[in-house]
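*Asks:* One letter stands for each residue in the lines below.
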Amino acid sequence: MRSSLLRNTAAALVCALAVTALAGCGTSSSGDGTSAQPSGGSADATTPLDPKAKVTLSIDCMPPAAKAAELKEWKEDVAEFNKRYPNVTIDGRSTPGQCLEPPRFTAMLKAKSQPDVFYAYFTDLQQVLDNDGAEDISAYVTPQSVPALDDIDKNVLGVLKRDGKLYGLPTSNYTMGLLVNRKLFQQAGLNPDTPPRTWEEVRAAAKRIAALGNGTAGYGEYSVENTGGWHYTAAMYGLGGDIVGADGKAAFNNPTGRQIAANLHAMRWEDDSMGKTQLLKWGDLQKQMASDKLGMFLAAPDDITYMVQQLGAKYENFGMGPLPGGAATLAGGNGYMIKKGSSSDKIKAAVAWLDFKTLAVGKGQFRYDRSKADGLPVGLPQPAFFTGASKAKDDELKAASATMPVANFKAFLDNPVPGKAEPQKAQEVYKILDKVMSGILTDKNADAAQLLAEAEKAVNQLLANR
Amino acid sequence: MPATAAEDFRRAFKRNLTAHGFLIGAVLCFSFFSWYPMVREFLLAFQKTEAGTTRWVGWDNFRHVFQDPGFWQAWRNTLLFTALALVLGFLLPFLVAVVLNEFRHAQGYLRLLVYLPVMMPPVASVLLFKYFYDPGYGLFNRALGVLHLPAQDWLQSGDTAMLSVVIASTWMNMGSATLIYLAALQGVPGELYEAAELDGAGLLRKIWHVTVPQTKLVLSLMLLMQIIATMQVFTEPFLLTGGAGPEGSTTTVVVLIYQYAFNFNQYGGAAALGLCLLVLLSGFSALYVRLSRDNES
Numbered sequence: 001m002r003s004s005l006l007r008n009t010a011a012a013l014v015c016a017l018a019v020t021a022l023a024g025c026g027t028s029s030s031g032d033g034t035s036a037q038p039s040g041g042s043a044d045a046t047t048p049l050d051p052k053a054k055v056t057l058s059i060d061c062m063p064p065a066a067k068a069a070e071l072k073e074w075k076e077d078v079a080e081f082n083k084r085y086p087n088v089t090i091d092g093r094s095t096p097g098q099c100l101e102p103p104r105f106t107a108m109l110k111a112k113s114q115p116d117v118f119y120a121y122f123t124d125l126q127q128v129l130d131n132d133g134a135e136d137i138s139a140y141v142t143p144q145s146v147p148a149l150d151d152i153d154k155n156v157l158g159v160l161k162r163d164g165k166l167y168g169l170p171t172s173n174y175t176m177g178l179l180v181n182r183k184l185f186q187q188a189g190l191n192p193d194t195p196p197r198t199w200e201e202v203r204a205a206a207k208r209i210a211a212l213g214n215g216t217a218g219y220g221e222y223s224v225e226n227t228g229g230w231h232y233t234a235a236m237y238g239l240g241g242d243i244v245g246a247d248g249k250a251a252f253n254n255p256t257g258r259q260i261a262a263n264l265h266a267m268r269w270e271d272d273s274m275g276k277t278q279l280l281k282w283g284d285l286q287k288q289m290a291s292d293k294l295g296m297f298l299a300a301p302d303d304i305t306y307m308v309q310q311l312g313a314k315y316e317n318f319g320m321g322p323l324p325g326g327a328a329t330l331a332g333g334n335g336y337m338i339k340k341g342s343s344s345d346k347i348k349a350a351v352a353w354l355d356f357k358t359l360a361v362g363k364g365q366f367r368y369d370r371s372k373a374d375g376l377p378v379g380l381p382q383p384a385f386f387t388g389a390s391k392a393k394d395d396e397l398k399a400a401s402a403t404m405p406v407a408n409f410k411a412f413l414d415n416p417v418p419g420k421a422e423p424q425k426a427q428e429v430y431k432i433l434d435k436v437m438s439g440i441l442t443d444k445n446a447d448a449a450q451l452l453a454e455a456e457k458a459v460n461q462l463l464a465n466r
Numbered sequence: 001m002p003a004t005a006a007e008d009f010r011r012a013f014k015r016n017l018t019a020h021g022f023l024i025g026a027v028l029c030f031s032f033f034s035w036y037p038m039v040r041e042f043l044l045a046f047q048k049t050e051a052g053t054t055r056w057v058g059w060d061n062f063r064h065v066f067q068d069p070g071f072w073q074a075w076r077n078t079l080l081f082t083a084l085a086l087v088l089g090f091l092l093p094f095l096v097a098v099v100l101n102e103f104r105h106a107q108g109y110l111r112l113l114v115y116l117p118v119m120m121p122p123v124a125s126v127l128l129f130k131y132f133y134d135p136g137y138g139l140f141n142r143a144l145g146v147l148h149l150p151a152q153d154w155l156q157s158g159d160t161a162m163l164s165v166v167i168a169s170t171w172m173n174m175g176s177a178t179l180i181y182l183a184a185l186q187g188v189p190g191e192l193y194e195a196a197e198l199d200g201a202g203l204l205r206k207i208w209h210v211t212v213p214q215t216k217l218v219l220s221l222m223l224l225m226q227i228i229a230t231m232q233v234f235t236e237p238f239l240l241t242g243g244a245g246p247e248g249s250t251t252t253v254v255v256l257i258y259q260y261a262f263n264f265n266q267y268g269g270a271a272a273l274g275l276c277l278l279v280l281l282s283g284f285s286a287l288y289v290r291l292s293r294d295n296e297s
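These protein sequence lines are chains A and B, in that order.
Per this note's numbering: the first sequence = residues 1 to 466.
Per this note's numbering: the second sequence = residues 1 to 297.
Only chain A is shown next, with the shape it has when bound in the complex:
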């Protein structure tokens, strides 16, 4: 009896200690040093940053050491920025590989461990808001704080807004097109300057490239990790279709959707022009194309940068055409948001840094003469979010320092396709559509109509549940 009493008392004591420790942890995690701390500056969003206010900004997506030239430019930009804002300390954080890995990003938001200024894809806005992760910066972003503001494409800025409030500033944007391997096109007797414009042309070209043999595929597609659904969506947009209609229901189980499925099935199984290895995800097709084993796939221009910088390919080996069909193309991009709870001075400092680094023509990421001197590529068609005078000036500066074979993108630039945003609940919808893609690409006897019907039901269920 007595020993039981002792045991219980000891257990209670230990539990109390544990709870105390947990409470301590909770306190420390909520005070991670990035919460709203008045730093002595003005809370009025329209006044400039107080030069006396000391501000330290933690910011992710600083280039890693492996990207020596970009890191050098980052450091130069920080030094130049500090000439005007000596009171602002830029605490850059880099990640090897991708700046943003969706699972890590989601966990970071949940834990509220994002830095003061954090990198995000356009499609992340909803989950950032769900987690109360970003500040409304509408009042801080004005033509005074961001001089090129009126020249930033309204559609691009629009995707970072919700209910009229602005939650981020863009760094880069993209629209998808058809990426081609020029060497394989030439070997197959095709003209790489005029990439296929329709799916019939894609199929014919893929067949000729695959006929080169030696494991060469004419056309490649993704089908796992939500990337299959992503590309199916792009193909639908290209043919004027949609994934989620205006009525908020699935809109892909129709002749257009079936046409895409049938074409892919024919390329995979009748023509054998898509290679044997399927269940591919982002990164796999780039590896195939960089090693001259793949003729075409749907991509954004920055895929070329990845293949050259990470996989050792050569810029002149690639070209781009518009998305087959050309009715519309999937548009996306990324930018920076500012952590919820940041002080007024932090927000002002962050907007000043983002303006200098990512939104000012002739500065930061748009200092093309410096990029050329550092051996970085100049001449990619995107990012392209400027309009008006800023665009004219940016185009002029880019052309003056171009190091890329810009003629290879002529077909893409001369035939602009209107960009269209991703569907609502994009990642969940893509996951469902992955099954359609993997079914078509791995099962010779796949019933595309049934796969699409099942996906339609699942998407409608998903949308109804929200």
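Simulated from the structure, these hints should not be mistaken for laboratory data.
From a predicted model like this one, the values you see are computed outputs, not experimental measurements.
Be a bit skeptical, because a hint or two may be false.
Restricting the straight-line Cα-Cα distance to at most 30 Å, the calculated cross-link-like pairs of lysine-lysine (DSSO-like) are [unchecked claim]: (1) A:287 - B:130; (2) A:425 - B:48; (3) A:314 - A:281; (4) B:130 - A:444; (5) A:293 - B:130; (6) A:110 - B:48; (7) A:54 - A:110; (8) A:276 - A:287; (9) B:48 - A:249; (10) A:314 - A:75; (11) A:457 - B:48; (12) A:161 - B:48; (13) A:281 - B:130; (14) A:420 - A:393; (15) A:276 - B:130; (16) B:130 - A:314.
Dock chain B against the given chain A, drawing on the hints supplied.
*Replies:* Then chain B, alone, in the frame of chain A:
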């Protein structure tokens, strides 16, 4: 009397102070890394966070998860994996252990060989198998080609994807089970085999009438452990097939939990699914605990 009790408590507390001090570290670790997350998961399963506001939603997360067509497919896939893993991963190590037990020489080296795959980092092993399974340049299809056998689709077909995952998983994990079986086999008295031989029993009859009854408890415990482990399979399908496979044929329950949490930002759904799995596995765990007690007694 109360004064004596208080005195006793003080004395006992003093006597056990060091022990409690040592215990605190472990208790804190378990509290922080095991118990607290479990409590949080339970709460999350009944909550939803939108626009920065967390609210109680009752059974909504469960309803949402049950209505997901992927939910039942994930359970079917998990049960298929468990069944295949039991056929391969339970029988094979036992048979290997029986064979190893027959060796009189070099048993140490053979044990090391069998255990080597367990020492390899799981990710490295899985990526190795990913290469083996490639339909174009993979080792397995090349080997089949040399033998004039038809190439297989392995991970590329909904019919064979899960089996391929199980083969990789069995290769990676069978070393530990083999050593446990071997230890159990070596505890079987040799006289029983001699008596069986005198009665004219062959190898199979010796296994069935001597080995199996003598190692029944270990076999039962290992079976339960195997079920509990295989129903939580994640690494192999996640790395081999992107967690999906052809038409979602390798999406397991734990992969689906991962997708809910980290792909769809639906922690409530992930927690609800986790609780479902917990309830099911609790049954097996209770059985395991009971068998362990029988073993001790």
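*Asks:* Next, verify each hint and record whether it holds.
*Replies:* For each hint, the structure was consulted:
| no. | hint | result |
| --- | --- | --- |
| 1 | A:287 - B:130 | holds, 16 Å |
| 2 | A:425 - B:48 | holds, 16 Å |
| 3 | A:314 - A:281 | holds, 22 Å |
| 4 | B:130 - A:444 | holds, 22 Å |
| 5 | A:293 - B:130 | holds, 19 Å |
| 6 | A:110 - B:48 | holds, 12 Å |
| 7 | A:54 - A:110 | holds, 29 Å |
| 8 | A:276 - A:287 | holds, 15 Å |
| 9 | B:48 - A:249 | holds, 23 Å |
| 10 | A:314 - A:75 | holds, 27 Å |
| 11 | A:457 - B:48 | holds, 24 Å |
| 12 | A:161 - B:48 | holds, 23 Å |
| 13 | A:281 - B:130 | holds, 14 Å |
| 14 | A:420 - A:393 | holds, 26 Å |
| 15 | A:276 - B:130 | holds, 14 Å |
| 16 | B:130 - A:314 | holds, 28 Å |
Of the numbered hints listed earlier, not one is contradicted by the structure.
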